[in-house]
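Novice: Protein chains in written order, with our numbering: chain A, 1 to 293; chain B, 1 to 370.
Because the hints were derived from the structure by calculation, they are not lab data. Where a beta carbon is used, it is the ideal one built from N, C-alpha and C, also for glycine. Check the hints yourself; a few may be wrong.
Which chain A residues face chain B? A few, computed with CB under 7 Å, are given here [as the list claims (entries may be wrong)]:
id, residue
1, 62
2, 130
3, 146
4, 148
5, 149
6, 238
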Amino acid sequence: MTEIPKEEYLFKCTSACAGCSSSLVLRYVLKAAGPDTVLVMPACCTSVIQGIYPNTAMNVPVYNVAFAAAAACASGMSAAFRAGKKATNVIVYAGDGGTVDIGIQALSGAFERRTDFLYICYDNEAYGNTGMQRSGATPTGARTTTTPGGKPDTKKDIDRIVEAHDPPYMATACSAYPHDLFKKVTKALSIRGPKFIHVLAPCPPGWRYPTEQTVEMGKLAVKTGMWVLFEREYGKVTINGPSKAAMIKPLPIEEYLGPQGRFKGISREAVDALVSLARRNAKRLSLQEEGVC
Amino acid sequence: MLTIATGNKAVAAAVKQVSPEVIAAYPITPQTEIVEQIAEYVTNGELKSQYIPVESEHSAMAACIGASITGARTFTATSSHGLLYMHEMVNWAAGGRLPIVMANVNRALGPGWNIWAEHTDSMQERDTGWLQVYVSTVQEAYDTTLMAFRIAEHHEVLLPVMVNLDGFSLSHINQSLETVELGDFIPPLRLPHAIDVKNPRGYGPLTGPEEYFKFRWDIERSMRDSVKVIESTEKDFSQRFGRSYGFTDDYQCEDADVVIVSMGTIGKEAEVAIDLLRKEGIRAGSMRIRWFRPFPKLDLSGRDVVVIDRDYSFGYGGILAEAVRSTCRAEPYSVIAGLGGQEVTYDDIAGFIQGRRPGEEYWFGVTPDV
Ligand SMILES: Cc1ncc(C[n+]2csc(CCOP(=O)(O)OP(=O)(O)O)c2C)c(N)n1
Ligand code: SF4
Ligand SMILES: [Mg+2]
């Protein structure tokens, strides 16, 4: 098993909600990145978790920046560090809204220009900071405060959008698999150029499940095939272990949707849409892994 | 009907009654409750609007612009960074002569992140060609939102209107709210330059130096014409529904030796300060500016003037103080207070009036060690 460093860069007793998996994600990201790291952070739940001035919950510099601007700001920061011959890791730590919605232009530009940085999108599938409105990453059928009847549209596939930029490294991860996440961050930071890691981060108040089920919820996302763990290194796709198993024999989707209040009363059509999307994705990734497409 | 509502809910209730064809919005604290409430109305069928949950504020205003130019009634709401992020389109809406109504829940700007009340956000949109009005109670937020549609859509105005309410200190507090039966108070929108495929025109093409300034002047002409439209709308509103406001809300100003000028919820707080001072025999009055654009003619001659600015123009001064100084030739005591939600009590306000030093500027809370 991977040796996880004992050093903590995210202090205890933050203002995160009980059972918040996104802070778990950050904890492992920072353990993998180490002290020579700067976080660039757009508005998101984590900007609240970092604490109120003059305090900070993070033991690396955190540069807070406007909601739409993180990747562009990181471009400038990385260029300046590299110009000064510094290898400091520049990591954008952004939510799904800051990534797939308002931040997508800056993200696309930074990837196209080959910025040397790591972009981490922790995906709680809604705007957590402002109280759980829908985002482009909210899945079909999920109730949020701006989709009280369930979201009619499909979750935006940011991975395929990022893939179209052909970065040297991109991966998905999930808070329930911290070792996998740790390895992926470590690998990403060993590669020069733009890297992207998309981490599913279940959120008890937003998804409406009991706080103690936060790890279980992440595992269920993977085991039902609703979330696929994969890596794409220099164009080569690898589906990771837990998702391999799920592709052979997925758990019924109801086991994932059932415990979540946000899917209460979801229509049959919406469930079917979720299942067929998951199957299509799994198939495409398998074909990519085989090198067929 | 008499109910209890927050400032945000009052705005949403007004929007529901006015029933815009298209609403495009993006959430931001402390405006969120407005968009959430509207989403709820649309989902449960109480409001028949097309609701577009866009991916950013730039797109929110752009979507409103696209809707409005077809002749549709449109609404959006935002706050702080959202307003600034749509800045380019805010200009576009006014330049395009589109009667969009927007609620802006006033909030400070980062860094550092601050979600509390300040007016610097809307002040940065001061020169865009939008009419701006600042409210101080839940009832006023509701009434003014209704009037905003009629004023914006009036054929002599056709400019967008921004209704400003203070973050949290108005957006999130509960007060009583009397809703009205609108009747024909807001006539249907007839946009003379609406897109019409039978009469094809180019909108906003390259416009040369011999023509461009004419469009700018036309904005200003309508801004000036809006004065009487605001007056007649407020008058009709008061005749129908019994509540009147005006360009400024004056409290005990007639015989006042000193007048405190402010905007938003601090202006309501100032009225309590005036009562306190009057008890001590000090003849003070409060003038709360409601309409900031077009800026009203103020009569402050012969009195001391204290201005509270919940905003600032760095390297110059308080923005409201600047307006008062230049339009009234007054030498106000300029107080900068309430930035980023800083608490300002009526006792503090009474203190500003009593300790006034005309011509000087005072930053509330700033001491030599700050
Ligand atoms: C220009 C602008 N618009 C809106 C906001 C308000 N806002 C702050 S965080 C946020 C949602 C963030 O969602 P996401 O990126 O998914 O992160 P999460 O809060 O879920 O962690 C919003 C809408 C803002 N700060 N700036
Ligand atoms: S809302 Fe969700 S993501 Fe945000 S702090 Fe709470 S648990 Fe974490
Ligand atoms: Mg999110």
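Novice: Go through the numbered hints given earlier and state which of them the structure violates, listing their numbers in rising order.
Specialist: 1 and 6
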